[in-house]
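Q: My request is simple: use the sequences and hints to build the entire structure.
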Amino acid sequence: MRCLASFLCLLFSIYFCTIFFPCSRPSYGILNIYAREVTVNASGRQAASFVRVASALGWPVRAQMKDRIGIVAQDICARPGVTVIEGSLADPKVLEELFRGSPEVAFINTTHWGDEVAIGCAIADAAVRAGVRHLVYSSMPDHGAWRGWTGLPLWTGKAAVERYIRGLGIPTTFIYCGVYHNNFTSLPYPLFRMEMQEGGGFVWQAPFHPDRKLPWVDAEQDVGPVVLQIFKEGVGRWGGRRVPLAFEYLTPREVCRAFSRALERPVEYVRGPVEVAISIPRGYQQHLSILESVLGWGEAPYFGPDLEPNCTQLAQHLWQGSRGIEEYAREVFPVEEYNNGLRWMEEDESDQKTNTVYEMGC
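Under mature numbering (1 follows the signal peptide of the UniProt record, and there is no 0), residues -19 to -1, 1 to 343 are what the sequence shown spells out, in order.
Just so you know, these hints were derived from the structure itself, not from any lab.
Keep in mind that the hints are not guaranteed to be accurate.
Stated by the list, open to error - Pair ranges (Cβ atoms, derived):
id, residue 1, residue 2, range
1, Glu245, Pro61, 19 to 29 Å
2, Trp127, Arg81, 36 to 46 Å
3, Gln301, Arg324, 27 to 37 Å
4, Arg252, Pro73, 40 to 50 Å
5, Ile52, Thr232, 25 to 35 Å
Cβ coordinates follow ideal geometry from the N, Cα and C atoms, glycine included.
A: Here it is, written out as structure tokens:
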């Protein structure tokens, strides 16, 4: 029985690795299979996705998080091989402890809480001092660099950190995430609210052109495998490159049709201004105002004019197991809504309008 169990474990390992690392891919300076890894903001969607995948494959991970509060933080803390470094990234002692032990790779996703540029630059400096061989930084485009558009405030900081990292000379790959699937909620949050209607359907109002495509990614499901594969293929393939991370390129109307099919309810898109129904930080309000002008009425490409064409190609090469927005809407959206205290998914299906009725009206 013990031999059988060992054999089954071996088969599972081979199957799992062939999913993530198909043998048809070329090798470009592949790392030790158990590379030591550092990540920050590990309870966030991007970093948590990577920690789950890396730890499942046996990579030792040193993961920073501000505190251990919340379901995601507790999940990361319980993962085998994960050492949690708790504290603020603005504290040099936290950075010193985080990069202790000569890590080989680092996945960095900074946030707008605090001085994002100063913190991002300090993390990059710490990675250089620690001798990190390959850094992946989650950046975003600065639309102010093109055609007179204005840069989005919560994105320009990431672009500034990217410029700083490029000046350091450390081998780095820069990923740019598309619109998160789980931005959608029926709670009164701005921009991606699926507002519940009396008949049981939803309306999404946003300033995007109804027929202009946007890039989409399921951050929890798909960021981790992509980052892991970038590390596996190495700096010879990905050093210095920018990778738009999106698996579907869909218009708002197409997104609503996908939600309607998944939920078997009418879902309608309405082009209109960003509605702010709750108190939000001033910086975020400014970001939304500029986003409405630039990506909405100005119809600027989300990734910028240089990365937008064929923006799903690289991500689809790196990871073939992505979760599309229709699957997300069917399998995940109701669960997240339920966890937020909402109970619309328990209503009698016979009271709902059919998907066909909605599509005829779209």
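Q: Next step is simple, just say for each hint if it's right about the structure.
A: Hint check:
no. : hint                        : in the structure
1   : Glu245 / Pro61: 19 to 29 Å  : violated, 39 Å
2   : Trp127 / Arg81: 36 to 46 Å  : holds, 41 Å
3   : Gln301 / Arg324: 27 to 37 Å : holds, 36 Å
4   : Arg252 / Pro73: 40 to 50 Å  : holds, 47 Å
5   : Ile52 / Thr232: 25 to 35 Å  : holds, 33 Å
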